[in-house]
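> Could you put together the complete structure from these sequences and hints?
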Amino acid sequence: MASLEIRNVCKSYGSVDVLKSINIAINHGDFLVLVGPSGCGKSTLLSMIAGLDEITSGELVIDGEVVNDKHPSQRDIAMVFQSYALYPNMSVEKNIAFGLEMRGVPKAERDKKVESVSQMLQIGPLLKRKPAQLSGGQRQRVAMGRALVREPKIFLFDEPLSNLDAKLRVDMRTEIKKLHQRLGATIVYVTHDQIEAMTLATRIAIMKAGILQQLGTPQEVYDTPNNVFVASFMGSPSMNLIPATVVAHQNSVAARLTSPQGNELILPLPQPERYQTWIDKPVILGIRPEAITDMSSAEPNNPWVFPADCQVDVTEPTGADVYVLTTLGGKEIVARMRSNCGAVVGQKTPFAFNMAKAVLFDPQTENRI
Amino acid sequence: MTHTTDDWRGWVRHHLPKLVLSPSFAVTLFFVYGFILYTGLLSLTSSRMMPNFNLIGFENYSKLWQTLNWQVALNNLAIFGTLYIVICGLLGMFLAILLDQKIRGEGFLRPIYLYPMALSFIVTGTAWKWFLNPGLGLEKTMHEWGWTSFKFDWLINSDMAIYTVVIAAVWQSSGFVMAMFLAGLRGIDSEQVKAAQLDGASAVQTYWRIIIPQLRPVFLSAFVVLAHMAIKSYDLVVALTGGGPGNATEVPATFMYSYTFTRNQMGVGAASAMIMLMTIAAIIVPYLYAETREQRHD
Chain L
620 MASLEIRNVC KSYGSVDVLK SINIAINHGD FLVLVGPSGC GKSTLLSMIA
670 GLDEITSGEL VIDGEVVNDK HPSQRDIAMV FQSYALYPNM SVEKNIAFGL
720 EMRGVPKAER DKKVESVSQM LQIGPLLKRK PAQLSGGQRQ RVAMGRALVR
770 EPKIFLFDEP LSNLDAKLRV DMRTEIKKLH QRLGATIVYV THDQIEAMTL
820 ATRIAIMKAG ILQQLGTPQE VYDTPNNVFV ASFMGSPSMN LIPATVVAHQ
870 NSVAARLTSP QGNELILPLP QPERYQTWID KPVILGIRPE AITDMSSAEP
920 NNPWVFPADC QVDVTEPTGA DVYVLTTLGG KEIVARMRSN CGAVVGQKTP
970 FAFNMAKAVL FDPQTENRI
Chain R
9 MTHTTDDWRG WVRHHLPKLV LSPSFAVTLF FVYGFILYTG LLSLTSSRMM
59 PNFNLIGFEN YSKLWQTLNW QVALNNLAIF GTLYIVICGL LGMFLAILLD
109 QKIRGEGFLR PIYLYPMALS FIVTGTAWKW FLNPGLGLEK TMHEWGWTSF
159 KFDWLINSDM AIYTVVIAAV WQSSGFVMAM FLAGLRGIDS EQVKAAQLDG
209 ASAVQTYWRI IIPQLRPVFL SAFVVLAHMA IKSYDLVVAL TGGGPGNATE
259 VPATFMYSYT FTRNQMGVGA ASAMIMLMTI AAIIVPYLYA ETREQRHD
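For the record, the sequence lines run as chains L and R.
Each residue of the first sequence is one higher than the one before, counting from 620 in this note's numbering.
Each residue of the second sequence is one higher than the one before, counting from 9 in this note's numbering.
Because the hints were derived from the structure by calculation, they are not lab data.
Heads up, a few of these hints could be off.
[Stated by the list, open to error] Here are the computed lysine-lysine pairs in the DSS-like style, where the Cα-Cα straight-line distance is at most 30 Å: (1) Lys-747/L with Lys-772/L; (2) Lys-713/L with Lys-110/R; (3) Lys-110/R with Lys-639/L; (4) Lys-950/L with Lys-967/L; (5) Lys-900/L with Lys-976/L; (6) Lys-110/R with Lys-689/L; (7) Lys-240/R with Lys-71/R; (8) Lys-731/L with Lys-713/L.
And the structure:
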């Protein structure tokens with residue numbers, strides 16, 4: 620258990636900058652998830668924390684100590700790899716004990732630790748088997764056992780669930796979360812799956828093209844995304860991003876949207892002082908699908924809920940809810956309604972916009988206003 | 009009409025593979041297996057200069073095992089085979105491990121080690137004969153450079169001549185073994201090496217405990233390839249030492265050739281050929297069996 624600080628860390632291969640001045644700090648017991656599309660540099664950053672990749676510039680600090688020049692084995696970290704990287708020639712037991720053996724832990728103590736870890740992960744009956752005789756989920760557990768047995772300061776996970784099938788992935792996700800809660804360990808976890816990121820993290824770092832886009836708790840990142848990229852990357856279906864214009868409206872400020880029929884839709888904005896300078900300028904209105912509902916699902920006492928009739932283009936039932944698609948400001952937008960809301964394709968139906976959840980972005984810089 | 013065309017096409021599609029394969033099948037059957045049987049038959053006859061078919065049972069085999077020359081040949085094969093397989097295997101693996109360190113110029117270095125394999129053993133033998141000849145090659149050069157006490161006369165020393173065969177054969181084959189090991193090393197997940205690093209294993213421990221044990225199938229393949237090359241080696245010995253000095257570098261293949269074709273002892277020669285076949289079969293058959301069984305498991 621330890622704190623981790625990444626200070627102005629850069630990485631370049633020749634003239635190509637893979638990571639640009641990354642700053643992240645987490646406390647001990649935090650679960651940091653690095654998330655982003657492929658090629659955003661998240662795995663490189665993890666390798667650098669592990670010491671498997673060199674740091675071009677900047678500092679990596681574990682527990683107040685700069686570890687840039689420390690060998691991976693001396694950083695007191697353990698890593699779970701995407702391919703699990705179990706040693707195929709050794710039994711499960713030897714795989715788990717190998718790290719202890721290399722550190723000169725006596726045999727009796729090794730056996731005791733392997734025993735307790737295998738109990739925690741329920742892999743006791745598998746100890747004598749070779750990795751080739753295990754299923755994907757069992758290999759995953761062994762890989763975690765190998766990390767746990769060393770009781771390191773920091774655990775690193777490199778897309779550990781991406782090789783599992785959908786059902787098992789959800790189960791293992793829950794198990795990793797339970798493990799984190801039980802051990803209170805510091806974990807850095809890399810994934811490209813934003814649902815994994817939301818469910819597991821206490822802190823999320825969203826990266827794109829080697830640049831940290833936003834660092835925050837899952838709720839912060841979800842509710843107040845820093846820019847259009849974060850807004851559209853986190854959440855499924857992703858946030859509606861509608862071209863709009865800020866207008867003065869009844870002593871306050873509102874967003875003006877146009878429907879395909881040419882009708883104007885005026886939606887008042889909370890925190891009007893924030894948008895004073897943007898009056899009569901184009902913006903992007905960001906609003907999550909669940910903030911647009913049918914009238915009966917809307918919060919009745921919320922003064923920021925505004926109804927508007929919109930044409931239904933498509934309905935996508937998911938069982939619990941139905942996603943209702945309409946067009947506003949030239950963009951297809953998704954609303955999440957109750958499954959019995961009565962929306963009929965081709966007809967108008969009332970949509971309730973919860974503007975308390977709306978955010979505005981600058982269309983030029985794509986940053987939040 | 010179309011019906012018969014379809015029938016014809018179907019017949020062709022069904023039989024074409026068999027038609028195409030049948031000539032090579034027939035040729036192999038006749039020239040390989042036919043002649044194995046023929047040699048086996050000859051080994052049971054009193055054939056001398058020309059084949060005849062007077063069956064004399066296993067007399068040729070008992071004669072063969074009493075021949076001093078055959079004892080020398082087997083002894084030489086034991087020395088040559090053991091050293092050749094062990095040195096080639098270890099050197100090939102060592103070179104492969106060095107080349108696998110993501111070094112610059114690997115594409116340039118790899119063929120340098122591999123090219124000797126492209127030479128015929130006759131060329132290798134001749135080149136090494138010149139190089140090791142005391143009056144012509146290494147020793148003479150050293151003397152000319154002023155190191156007059158330098159002595160390297162293994163080629164003409166009947167106790168050491170067999171080791172020159174080992175040197176030349178290792179030079180020729182270790183690059184090939186290296187290529188086999190390199191392919192094996194490339195097949196190992198690089199994340200395992202990273203995991204071993206995090207586990208605190210040194211480079212030597214990583215290779216010894218994790219990587220080399222995974223190369224077991226490569227060791228087996230290398231052994232089988234090298235073993236049968238050792239047993240059938242003929243051209244290298246002929247070109248390098250001609251079996252000499254005296255009979256110091258006689259090996260079973262040269263023994264077989266000289267008894268069958270130059271010493272008018274065709275029956276004994278055929279018997280020695282059968283012994284060689286059985287030795288090779290004893291190595292290859294279990295290997296093929298293990299290979300096919302593994303495939304069935306997958």
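> For each hint, tell me whether it holds in the structure or not.
Outcome of the hint check:
| no. | hint | verdict |
| --- | --- | --- |
| 1 | Lys-747/L with Lys-772/L | holds (28 Å) |
| 2 | Lys-713/L with Lys-110/R | holds (29 Å) |
| 3 | Lys-110/R with Lys-639/L | holds (27 Å) |
| 4 | Lys-950/L with Lys-967/L | holds (17 Å) |
| 5 | Lys-900/L with Lys-976/L | holds (21 Å) |
| 6 | Lys-110/R with Lys-689/L | holds (22 Å) |
| 7 | Lys-240/R with Lys-71/R | holds (22 Å) |
| 8 | Lys-731/L with Lys-713/L | holds (13 Å) |
Violated hints are absent here; each numbered hint is respected by the structure.
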